[in-house]
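Chemist: Residue numbers (the working numbering), protein chains in the order written: chain A, 4 to 246; chain B, 4 to 246.
Note that these hints are calculated values from the structure, not bench results.
Every residue, glycine too, gets a C-beta built ideally from N, C-alpha and C.
Incorrect hints may appear among the rest.
Partner residues aside, some chain B positions facing chain A, computed with beta carbon under 10 Å [said to hold, decoys possible]: (1) G15; (2) R46; (3) N117; (4) A163; (5) S164; (6) L166; (7) P167; (8) A190; (9) A198; (10) R199; (11) Y200; (12) I215.
With the Cβ distance kept under 10 Å, some of the chain A side facing chain B (calculated, not the full set) [claimed, not checked]: (13) I11; (14) I18; (15) S138; (16) G153; (17) T173; (18) S179; (19) R181; (20) G191; (21) S204; (22) P209; (23) F210.
Chain by chain, the residues run as shown.
Number of protein chains: 2
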Amino acid sequence: MPNPTAAILVIGDEILSGRTQDTNSHYLAAELTRHGIDLREMRVVADVEDDIVTAIRALSDRYDHVFTSGGIGPTHDDITADAVGRAFGAAVDVRDDARALLQAHYDRQGTELNAARLRMARVPADATLIDNPISAAPGFTIGNVHVMAGVPAVFRAMVASVLPRITGGTPLLSQSLRIDRGEGDIAGPLADLAARYPGLSFGSYPFLQNGIYGATVVVRGTDGPAIDAAIDELAALFPDERT
Amino acid sequence: MPNPTAAILVIGDEILSGRTQDTNSHYLAAELTRHGIDLREMRVVADVEDDIVTAIRALSDRYDHVFTSGGIGPTHDDITADAVGRAFGAAVDVRDDARALLQAHYDRQGTELNAARLRMARVPADATLIDNPISAAPGFTIGNVHVMAGVPAVFRAMVASVLPRITGGTPLLSQSLRIDRGEGDIAGPLADLAARYPGLSFGSYPFLQNGIYGATVVVRGTDGPAIDAAIDELAALFPDERT
């Protein structure tokens, strides 16, 4: 059976303005690979409800899972819950279970659960909450969409809560070989090798380091021994390059 | 006149597998903001021709400009030029002007312009070349799509070549204020402030640092004096917080 597929949707003007480098996608990409989930696409959209709704619908139709990051805090620009609810035609309102989580958290802190904070208990009716051990305000799963926070520490905690619930596939394995030769010298032999291992994928990632052109060749697949064999053949083609 | 809009499309399995953190989008996002181009969306897709074609068509229909990164090297997984050509119904073949650039570069290096390297001269017929002062292999512009390399140093050089050709708009200005208070305390006053400055956008970006919850509020827009005024009002609301 093929591995489940996934997309990541990051929501936030601050990424698009260049103010903030998104690191959540990179973190989750590696976690999904380990979990045997095949990440096919990432998108970043602005804090604009129509844009979020359009992206949620497109990605949730096309992939088995969609993971979102951002836009579930207490401020006026946090509109992800409403957008996801709209995408699924689900009512979004303050939910008692989510409110209880927040109430307990702010009681412990001696902080008032004011109207702004209560916005974080707005969750679509049929959604399952995603635990937030750091700052209490939950994420949620509705349909095949997993809605998580943008703050990296909270995002990672939510990923740790949600991934074990999802049935993964065969983890994708990889090995790489750094070759200090121009990609133009590597390309021919590499294409031949790739043709002889149709079950594996061969990527070549060029670099330019201290004036030296080279490439890292990455062999990926679910068949470990085949990857070993392909890397050995590649190393034999470029005998001085194994690192 | 509103600023031109743009999207970034990054092409590469290595980003989706979590092996490589894409930094080109973040770099270009900041450059576009400075140039007065309104970046609305980013996407990352795999080295799969159909996926690239679909993304190119969707983004080039919707935005004024599309900038791509990755997949224009000499190896078998470099399929961006063919995909972009297909998206525009344009024939893609080795072009004499691109071949001449490569020939001169490899002659200087004493390296053979072999079949693999010649693939980098495959450019759609009507495209305009984008200069690559680092490793010669050009990018290209076809329609409203600007096709650039994935290697960061080359990507940046190509951005420097292509941006001056594009008519920008009014640069987006921003100022930020760090407030060491929970977002739940900031949300109410911030929403009121945002309502009184409809021409500006107000973003709140929470952080958790050494156990302290806080948020950076960013005010963005093209009207500098209005931004100054809004930031002054915000600072007056949280008098101990100006940093």
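Chemist: Determine for every hint whether it applies to the structure shown.
Modeler: Evaluated hints:
1. The interface hint given for G15 (chain B) is met, as the beta carbon of that residue sits about 8 Å from the closest beta carbon of chain A, less than 10 Å.
2. Given hint, R46 (chain B) at the interface with chain A, holds; its Cβ is 5 Å from that chain's nearest Cβ, closer than 10 Å.
3. Evaluation of the N117 (chain B) hint against chain A yields a held restraint, the C-beta minimum of about 6 Å falling below 10 Å.
4. Hint on A163 (chain B) is violated. Least Cβ distance to chain A is approximately 16 Å, over the 10 Å limit.
5. Restraint check, S164 (chain B) versus chain A: the minimum CB separation of about 17 Å is more than 10 Å; hint violated.
6. For L166 (chain B), the interface hint is violated, since its Cβ never comes within 10 Å of a Cβ in chain A; the closest pair sits about 13 Å apart.
7. The interface hint given for P167 (chain B) is violated, since its Cβ lies 18 Å from the closest Cβ of chain A, which is over the 10 Å cut-off.
8. Hint on A190 (chain B) holds. Least Cβ distance to chain A is approximately 3 Å, under the 10 Å limit.
9. With a least beta-carbon distance of about 9 Å to chain A, the hint placing A198 (chain B) at the interface is held under the 10 Å criterion.
10. Interface restraint check for R199 (chain B): the shortest CB-CB distance to chain A comes to about 12 Å, outside 10 Å, so the restraint is violated.
11. Taking 10 Å as the C-beta contact cut-off toward chain A, the hint placing Y200 (chain B) at the interface is violated, the least distance being around 12 Å.
12. Interface hint at I215 (chain B): violated, since its Cβ lies 12 Å from the closest Cβ of chain A, which is beyond the 10 Å cut-off.
13. Below 10 Å, beta-carbon pairs count as interface contacts, and I11 (chain A) has one with chain B at about 8 Å; its hint therefore holds.
14. Restraint check, I18 (chain A) versus chain B: the minimum CB separation of about 7 Å is within 10 Å; hint holds.
15. Contact between S138 (chain A) and chain B, as hinted, is supported at the beta carbon level, the nearest pair being about 7 Å apart and thus within 10 Å.
16. Interface hint at G153 (chain A): satisfied, since its Cβ lies 8 Å from the closest Cβ of chain B, which is below the 10 Å cut-off.
17. Here the hint on T173 (chain A) is broken, as its CB sits about 14 Å from the closest CB of chain B, past 10 Å.
18. The restraint placing S179 (chain A) at the interface with chain B holds, with a minimum CB-CB distance near 8 Å, inside the 10 Å limit.
19. Checking R181 (chain A) against chain B by beta carbon gives a least distance of about 13 Å; that is not within 10 Å, so the hint is violated.
20. The interface hint given for G191 (chain A) is met, as the beta carbon of that residue sits about 5 Å from the closest beta carbon of chain B, less than 10 Å.
21. The interface hint given for S204 (chain A) holds, since its Cβ lies 7 Å from the closest Cβ of chain B, which is under the 10 Å cut-off.
22. With a least beta-carbon distance of about 6 Å to chain B, the hint placing P209 (chain A) at the interface is held under the 10 Å criterion.
23. For the restraint placing F210 (chain A) at the interface with chain B, the shortest Cβ-Cβ distance is roughly 7 Å, inside the 10 Å limit, so the hint holds.
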